[in-house]
Each structure stands twice: as structure tokens, then as C-alpha cells.
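The chain contents come next:
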Amino acid sequence: MDIATTAGLARGHSSGIANRYRQAGYWRLAIILGSLLALVVVAGSVAIVGIAETGLTALLAIVVEKVSFGYIVADVDPQQARVLLHLRLPRVVMAIVAGGSLAFAGVLMQAITRNPLVSPYTIGVSSAAAFGASIAIMFGVGFSAAGLYFVPLTAFLFALGCAVLVFSMAWLRGMGAQTMVLTGIALMYLFSAMTAAVQFVATQEQLARVVHWTFGSLNGIGWDAVAVAGMALLVALPLAQSKAWQFNALTSAGDDVSRSLGINVALLRGLAVVLSVVVSAVVISFTGVIGFVGLIGPHVARLMIGSDHRYLIPFSAICGAMLLLLADTVGRMAFSPTVIPVGIVVAFVGVPLFLHLILSRRSEYFS
Amino acid sequence: MSDYLSVDKVSFGYGSRPVLREVSVALSKGHILGLIGPNGAGKSTLVRIVLGLSSPSSGRVLLDGKDIRDLTPKARARRIAYVPQSSPLSFPATVFETCLLGRTPHMGASPSANDLAVVEELLCRLRLEDFAFRPMSELSGGERQRVMLARALAQETDVLVLDEPTSALDIGNQLFTLRVVSEIARERGVTALVAIHDLSLAARFSDSLLLLDKGVVVGHGNWQSTLTETTVRDVYGVNVEIGLLRDIPVFAPHELT
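Chain order of the listed sequences is A and B.
With UniProt numbering as the guide, the letters of the first sequence map in order to residues 1 to 367.
With UniProt numbering as the guide, the letters of the second sequence map in order to residues 1 to 257.
Keep in mind that the hints are not guaranteed to be accurate.
What the hints assert, rightly or not - Where chain B lies over chain A, by a calculated footprint (3+ residues, C-beta under 8 Å):
1) 17-23
2) 111-118
3) 303-312
Unchecked claim - Cβ-Cβ distance ranges computed for the label pairs, FRET-style:
4) B:P253 x A:R22: 48 to 54 Å
5) B:N239 x A:L117: 48 to 54 Å
6) A:V164 x B:K9: 37 to 43 Å
7) A:S45 x B:A113: 38 to 44 Å
8) A:V41 x B:A113: 33 to 39 Å
9) A:P352 x B:N114: 54 to 60 Å
10) B:D130 x A:L60: 34 to 40 Å
Source of the hints: derived by calculation from the structure; they are not laboratory data.
Just so it is clear, CB atoms sit at the ideal spot from N, CA and C, and this is done for glycine as well.
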């Protein structure tokens, strides 16, 4: 190697690489906008397919009526309107919100642990929520003032409790990435074991409900769930986005260098845990455990758009939303009128996709 | 000679085990200090303390007369930059993106045109322009080390702290890395603290050496006075021949004591 002096390059020496970087940024922005548009189109298309006949004009008329707060009245067959407004639309919107939230939580958790295998599932949140839902189904129903919301509420509280445990363990050990992952995995096993233990004493009917819950499904999702989960995501996304550059430092430079760049790593990790846990716990509490979206959404996104979190965070959410929306549509249509829970379909769609990623990607990405 | 960066009676310990004991050293602007000593002597701990990553149990680090712990993290990041030994590769960013992180303490939410220009210039200077859009994971160890140096230089600080920047490099890359550091130190008046194992490179590229053994300063000064056959034998437990080959100091270990 030639080791002659490196001095003497004049300031302003241009090789065009700054321009190339800028152009890559525009491309990524275009990809995000394009995929958002695609998501809207797909959502509209899948909302009008199903057992009951509905049409695009009816859908558009209803959306216009709702968006204009009833100012423009839709002239739609009431049967169609009911199907669209109370079955299809909340389901489609929830698929988007849930998929987006889970992938969003996944990308944050992967960033703060620098571990591509981490998702809301690995960190114990899902298992804790499942355990909470199980005991609510087993022991609680009918005794609570919270009534209808008793199961999701208990699930949510257990998920938060699990996160607090993980968080405090990590905090005791200086907010390190390793502690977080190991504690999360340990708690995941613990909660799974406790759920299994509870199932021993369950009646047939309770058992069916618990099992159904652990598969994750969008059946019977109403606008209330959409509103709560949607609000959580709408608050969390901009907050995380404002720290996107710091996530870049944390993932690609490590803790020490990030701190030497002036970043408060412990604070950033704390914020990311809170945001990702709340957002994923809210979704899981309503839908049940939907695995894999939180893992695969960020990977698909990273593959297409790179690892700059300014683009990766929103794009992961879009990819997760698209994935869950398509999976749920497949689940609704494949063996119609039987609806397969989306949690199952996601695994069937996602695993081959994931294996393909592993095989096609350069090896060090997953090593 | 005014002291720009000074380590003032710094001690550090894990529990009851002392790692550093009353270490003091003062550097003027543009000075390169080679930090040497056997494994476990406390070099990395001193590096972390100067960076503000660890707090000393007693003593302080002064930058231009101010305790570095009184600076905000961002203000400190504008004054002191860090070149680590290695970088995580779990989510490989591109070379350009990695280098651009060095601009973090100078920018808001996104890099400005000036930030991009600084990075572009540095990548050219460190001969990385052809790799600019490759992921870090596809680079050789030497190229990766140059990227981390470029990232630290992009911070445009007046202190540079390097933790064994050459230990994983071939001799060509070792020389290249240290030459860039010494050129930058001359050009911009950057003060550098380099923890380094290779005695020959340390002697050659440092203005002075600080020899640590079991957390205590056992030698400080130019290389001829710090690294004698006696001190090397006492500290490293190795008998060495020290000589000059075409003005380059050479240390040839021949026997363990």
C-alpha cells in the first residue's frame, strides 16, 4: 500500500459522493411516499372483498361522508354500509395500525439492543400479555367493572409489568443491551410456562378462548380498539422519529462512541423501551399475540431502504402494516367463509419470506 | 508551554482494586502523547476517563482549564473525539453514513450541506471515496479503522483519543493511520492521546510517552528516556535490544526474564 503523505487535498475537493448521498436520500423519501400510496390503495381494495358484496363506490362514499363529518351524505345501501363501516373498515385499519405498531416496536428494540433477532416477542412482552389475558379469561370475566375491556386491560398491565422488570434489570446493569435481551428471553419462558400451567385448570370453553387469544386475530375488532392503538402509534412515531439520528449512532457505532458523540445513551434506550412496549402492548392486548411482524417488518424495510433510521422507522411501520393487511386478507379469503387467525397466516407468509432473506442476504447480516 | 489537556491526580478503582493511582500528565496544544504499558496497566481506563465515559474516583481531567465533567455531553463531543478499537457490525451502515455520525454534535435532526462537505473531504483524504457507499461489514479491518478515524476527524475537535488504533492492522495500515493522526495534529493543532502497544510505532509517532504499570506512571518523557532496556524489562518482563534502523527506533524482544 502506498503510504505517501495524505496532506494537501484542498478544501472543496469534490468527488461527487456528497451528492450521491443526497440523491439516495431523495430516493428513500420517494420509496416511503410511494409505499404509503400503495398501502392506501391495497387497503381500499381489500376492504371491498369478502363474503358480503360491496363496491368501491360505496366505500368511497362512506369515507367521504365520514371525513366530511357527515356534511356530504353517502347514498349507500344500508346493509353494505353496515358491513363496510362496522366490519371491514375497522378490521382493515386495525391491520394497518397493528402491523405498523409491531414493526415500529421491532425496529426500535432491534436498534437499542443492536440485535437483529429481537422483537416485542423476544423481549417477553407478548408472553406476559398472553399470561395476563389467560388469567383474565380464566378467573376474572364477569367480576370486573371494566367489563368488555377486562381481558385487554389485564393483558396490557402484564405486558407493562414485564417491561418494567426488563427495564429495571437493565437499569441495574447500566442499561446494557445484553442484559435487556437476556432478561426478556428469561421472562418470555417464565410467562409461557405460567400460561401453560394455568391452562391445566381451564375448562374446555376457557381453553378455547385462551388458545384463540394466543393466535392473534382481528376478528371482532371495533373502532374503539382502532382509536386507542392508533393514538398510541401517532404519539410514539414522531417521538421516535425525532431521535432517529441518535438511533443511527447507537446501532452502527455502539454505546461508547455514541456517548462520545454527546448522546445520552441510557435516556435514549429508556425512551425506546417505553415507546415500543406501550405501542406493542396496546396492540397485542386487543388482537392477541401476533408474532413475526415485529421481527420481519424491520428486516424487509432495512433491505429495501438501508439502515438510516430517519427513513427506516417510518418505512418499517409501513412494511409491517402492509404485511399484516395482506396476511389478514389471505386469512379471510383463503378458506372463506372460515377465517384463519392472522397470527397463523403471518407465520405461514412470513417464515418463507424470512428464510429467503437469510439465504439471499450477505451472511454477516444475520451472523 | 501552556497545558491544554491535563490529567490531574486521577485515580480509579473497581471496588477495592485500584486500576489507576494518582496519574498526572499535561499536554500542550498539538502534542501527541503515546500511552504505553502492558495489558492491564490501566491504559484503556485512562482513555475512558479522558473521554468522560468513566468518572475518576478522585482527581480530574482539565481541558483548557475546565473540568471536562462540567461540560455538557454535546459540548464535550465538540472538543474530544474518540477512535475505538472496533465497531459493532450487527446493522452495517455504509461508510458515508458511519463517517457522517461524527457530525452529530454539530447538527440538528439532519446533516447540513456543510456536514456532507466535511465528510466528503475526509473520505477523500483517507482514500475511502471508492468505498463510500459500501456497508462497513464488507470492508477490511484496515479500511474500517480508517472510517472510524474519519468519523472522529469529522467531529472537528481539538482533542483526539485513540484506543489502540493499530493493534488489528497490517504494517501498511498501521503507518498510514498514525501518519494521518500526526499530520492532522500538526495542521489543526489537535492534541492526541494514543494508547498503543507497538513500542516502535509509539516511539516514532509520539512527541512524548507515558508509561503505565499497574495503574502507576513509571515513566514520562521522550522515548529515549522512557523506554530503556531496564524499564522495558521491569515493566514488560522482557529483555529487549533497542536500536535505531535508519533513525527508526526498533525494539527486539529476545528473552522473557
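Using the Cβ atoms, figure out if P253 of chain B sits within 48 to 54 Å of R22 of chain A. Holds - the Cβ-Cβ distance for P253 of chain B and R22 of chain A, about 52 Å, lies within 48 to 54 Å.
Against chain B, does the segment 303-312 of chain A show at least 3 residues with beta-carbon separation below 8 Å? Holds, because 4 residues of the segment 303-312 of chain A bring their Cβ atoms closer than 8 Å to Cβ atoms of chain B.
Falls inside 33 to 39 Å, the C-beta gap from V41 of chain A to A113 of chain B? Once the Cβ atoms are compared, 36 Å apart, the range 33 to 39 Å for A113 of chain B and V41 of chain A holds.
37 to 43 Å as the expected CB spacing between K9 of chain B and V164 of chain A, which holds or is violated: 42 Å, holds
Indicate whether the distance between the beta carbons of P352 of chain A and N114 of chain B respects the range 54 to 60 Å. 46 Å, violated
Beta-carbon spacing of N239 of chain B to L117 of chain A - inside the hinted bounds 48 to 54 Å or not: Because 50 Å falls inside the window, the suggested range holds.
Given coverage of the segment 111-118 of chain A by chain B, checked by CB-CB distance under 8 Å (3 or more): holds (count 4)
Verify the CB-CB distance for S45 of chain A and A113 of chain B against the hinted window 38 to 44 Å. Hint holds: Cβ distance 42 Å, inside 38 to 44 Å.
Consistency of beta-carbon spacing, L60 of chain A to D130 of chain B, with hint 34 to 40 Å: 52 Å, violated
Closer than 8 Å, Cβ to Cβ, for at least three residues: run that test on the segment 17-23 of chain A against chain B and report holds or violated. holds (count 5)
In summary, the structure is inconsistent with hints 9 and 10 from the numbered list given earlier, while agreeing with the others.
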